[in-house]
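*Asks:* Produce the complete structure using the sequences and hints provided.
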Amino acid sequence: MIKIDGIKLGLSENEKDLFEKVKKITKGRAESFYVFKKAIDARRKDNVHFVYSVVAKAKGEEALSKSVNGIMLYDEKSFEYPLLKRKVESRPVVIGSGPAGSFAALCLAKAGACPIVIERGKSVDERSCDTEKFFAGGALDTESNVQFGEGGAGTFSDGKLNTGTHSPFIRKILSEYVRFGANENILTDAKPHIGTDILKKIAVNIRREVISLGGTYFFSKKVSDIEIKNGKITAVFIPERIETDTVILAIGHSARDTFFMLDSRGVKMEQKAFSVGLRIEHPQELINKAQYGSFYNHTALGAADYKFGDDCYTFCMCPGGYVVAAASEEGGIVTNGMSYSDRAGENANSALLVNVNEKDFGTNLFAGVEFQRKIERAAYEISKSYMAPCQKLSDFLADTETKSFGSVNPTYKPGVVPSDIRKILPERICNNLKSGILNIDKKLKGFATGDALLTAPETRSSSPVRILRDDTLQAIGIEGLYPSGEGAGYAGGIMSAAADGIRCAVKVIEKLNG
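The letter at position 172 of the sequence shown is residue 1587 when you use the numbering used here, and the numbering goes up by one with no holes.
Hints are supplied without guarantee of correctness; some may be wrong.
To be verified - With a straight-line Cα cutoff of 25 Å, these simulated BS3-like cross-link-like pairs (lysine-lysine) come out:
{"no.": "1", "residue 1": "K1838", "residue 2": "K1799"}
{"no.": "2", "residue 1": "K1472", "residue 2": "K1500"}
{"no.": "3", "residue 1": "K1849", "residue 2": "K1587"}
{"no.": "4", "residue 1": "K1431", "residue 2": "K1442"}
{"no.": "5", "residue 1": "K1704", "residue 2": "K1453"}
{"no.": "6", "residue 1": "K1472", "residue 2": "K1453"}
{"no.": "7", "residue 1": "K1438", "residue 2": "K1502"}
{"no.": "8", "residue 1": "K1492", "residue 2": "K1647"}
{"no.": "9", "residue 1": "K1647", "residue 2": "K1500"}
{"no.": "10", "residue 1": "K1423", "residue 2": "K1474"}
{"no.": "11", "residue 1": "K1849", "residue 2": "K1838"}
{"no.": "12", "residue 1": "K1722", "residue 2": "K1860"}
{"no.": "13", "residue 1": "K1637", "residue 2": "K1647"}
{"no.": "14", "residue 1": "K1548", "residue 2": "K1418"}
{"no.": "15", "residue 1": "K1799", "residue 2": "K1818"}
{"no.": "16", "residue 1": "K1438", "residue 2": "K1474"}
{"no.": "17", "residue 1": "K1502", "residue 2": "K1774"}
{"no.": "18", "residue 1": "K1704", "residue 2": "K1472"}
{"no.": "19", "residue 1": "K1492", "residue 2": "K1452"}
{"no.": "20", "residue 1": "K1460", "residue 2": "K1436"}
{"no.": "21", "residue 1": "K1537", "residue 2": "K1636"}
{"no.": "22", "residue 1": "K1453", "residue 2": "K1423"}
{"no.": "23", "residue 1": "K1460", "residue 2": "K1858"}
{"no.": "24", "residue 1": "K1828", "residue 2": "K1575"}
{"no.": "25", "residue 1": "K1774", "residue 2": "K1799"}
{"no.": "26", "residue 1": "K1838", "residue 2": "K1774"}
{"no.": "27", "residue 1": "K1436", "residue 2": "K1453"}
{"no.": "28", "residue 1": "K1460", "residue 2": "K1442"}
{"no.": "29", "residue 1": "K1683", "residue 2": "K1704"}
{"no.": "30", "residue 1": "K1452", "residue 2": "K1472"}
{"no.": "31", "residue 1": "K1828", "residue 2": "K1537"}
{"no.": "32", "residue 1": "K1436", "residue 2": "K1472"}
{"no.": "33", "residue 1": "K1442", "residue 2": "K1423"}
{"no.": "34", "residue 1": "K1860", "residue 2": "K1789"}
{"no.": "35", "residue 1": "K1453", "residue 2": "K1431"}
{"no.": "36", "residue 1": "K1452", "residue 2": "K1644"}
{"no.": "37", "residue 1": "K1537", "residue 2": "K1548"}
{"no.": "38", "residue 1": "K1704", "residue 2": "K1647"}
These are computed hints drawn from the structure, not numbers from a lab.
*Replies:* Spelled out as structure tokens, the structure:
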């Protein structure tokens, strides 16, 4: 096989046209091909087009790779789940069913290890009912919400699957998502996404397969304690005792009470930097025009996205999406972003975040947790409810409290209250946000439009602690305990979390195989 990068295709051209270009590049020797990656090139607004990478079968592949620039030999390698070589007496336990926990459980189940999955929240269908009630103004269920429940926090997101992680598991994870219900285009899109509606179905399908392979799920069961004897994990409590010598700890970045419990049991952790900020909303049409120029309404392009990084950076951008209530503790407000698979909402939204570290919140192990809580509670005090503080961008830049909104309709439910973000976020954070917004506007025309909305706060982009592990991926000094994913401080999104879950499960299987 050969791989060819950088093939340009117009918006109205199709795969037949693409094959003709492949044949031309290969001097007529190409026999078949498939799309490896597809991206949009919108750097020139008068020439928006697609750029393809393809894998092809051709005659004389080695000679082509040597004689034609841009052609390289390609070896298709795929990860396959390892198998247990012997029967094990103690079933491994996976704590958490987000991407890390789900793929760890799937890998273990495929190996024949019959994992036990413990999830503090509810199954995804029940969880969805609870979140919808909360979005409609009902009570917050602190164990069933955007943070906790089957599928993890990523279930209520845009479902982005692009990652900077260079892991051998990435292609396998994408293939598994397709097998469990995602559109096949995630295998080729340079910026693949699934959408919250499809993610929910996938979570159920993964669970069903794990169970069919001998796995067991416990929902609404928070791990209240762990048992460690002679430096080895021996049991977990929910509160019933479950004996085990292997635990994959995939608890997510908001399991604060579990962090405290682990610390009390001598599990080594360290404070880590994270980010805080807010959500910014624009009309999706504005973003489309800024990114695609006169091609902005071409059906082949879909809803445009953006990504910018600096002292103030964008994160989890949701084209055609919604700002959602992501609180998991009473008396605190947290925002997040979510899109459906069609990305058909009126607005685009993104987190705007600023990095914070011990200089901002102190050196205590859980100082970052308290820093998050302080911001979340300050937001709650604005309305004495889960209605989030919201400010027009023009007012934010002018240090003026918002009294009413303009042309952009807020999407956050259960609702917003006009406010002043400076009452919630520290001065340094606000200053960085202001300069960051103006800098982004130089690159994305209209980003600093006055009617854009800022809804605050966003505090849960990543874990405020890291659970330390050694080269075997086991917690330092505790045999059989494998910290994994975002909550443990080893991932930053769906794909990297899923990859870390598989990575830990593979280590478990290697250990069990002796």
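*Asks:* Taking the hints in turn, state whether each one holds.
*Replies:* How the hints compare with the structure:
1. K1838 / K1799: With a Cα-Cα distance of about 14 Å, the restraint between K1838 and K1799 holds, given a limit of 25 Å.
2. K1472 / K1500: Violated: K1472 and K1500 sit about 37 Å apart, past 25 Å.
3. K1849 / K1587: violated (41 Å)
4. K1431 / K1442: Holds, at roughly 17 Å.
5. K1704 / K1453: Within the cut-off at roughly 21 Å; holds.
6. K1472 / K1453: Holds, because 19 Å separates the two Cα atoms, which is no more than 25 Å.
7. K1438 / K1502: violated (52 Å)
8. K1492 / K1647: Not satisfied, since the Cα-Cα distance of roughly 36 Å exceeds 25 Å.
9. K1647 / K1500: holds (23 Å)
10. K1423 / K1474: holds (23 Å)
11. K1849 / K1838: holds (15 Å)
12. K1722 / K1860: holds (14 Å)
13. K1637 / K1647: holds (21 Å)
14. K1548 / K1418: violated (50 Å)
15. K1799 / K1818: holds (18 Å)
16. K1438 / K1474: holds (11 Å)
17. K1502 / K1774: Violated, because 51 Å separates the two Cα atoms, which is more than 25 Å.
18. K1704 / K1472: Distance ~39 Å between K1704 and K1472 Cα, so the pair is violated.
19. K1492 / K1452: OK: K1492 and K1452 at ~16 Å, within 25 Å.
20. K1460 / K1436: holds (24 Å)
21. K1537 / K1636: Status holds; Cα separation ~9 Å.
22. K1453 / K1423: holds (10 Å)
23. K1460 / K1858: Satisfied, since the Cα-Cα distance of roughly 13 Å is no more than 25 Å.
24. K1828 / K1575: holds (22 Å)
25. K1774 / K1799: violated (30 Å)
26. K1838 / K1774: Since the Cα atoms of K1838 and K1774 sit roughly 20 Å apart, the hinted pair holds (cutoff 25 Å).
27. K1436 / K1453: This hinted pair holds, its Cα atoms lying about 15 Å apart.
28. K1460 / K1442: violated (32 Å)
29. K1683 / K1704: violated (50 Å)
30. K1452 / K1472: holds (16 Å)
31. K1828 / K1537: holds (21 Å)
32. K1436 / K1472: holds (14 Å)
33. K1442 / K1423: holds (17 Å)
34. K1860 / K1789: violated (34 Å)
35. K1453 / K1431: holds (15 Å)
36. K1452 / K1644: Status violated; Cα separation ~50 Å.
37. K1537 / K1548: holds (14 Å)
38. K1704 / K1647: Violated - the C-alpha atoms of K1647 and K1704 are around 58 Å apart, more than 25 Å.
Consistency note: the structure conflicts with the earlier hints numbered 2, 3, 7, 8, 14, 17, 18, 25, 28, 29, 34, 36 and 38.
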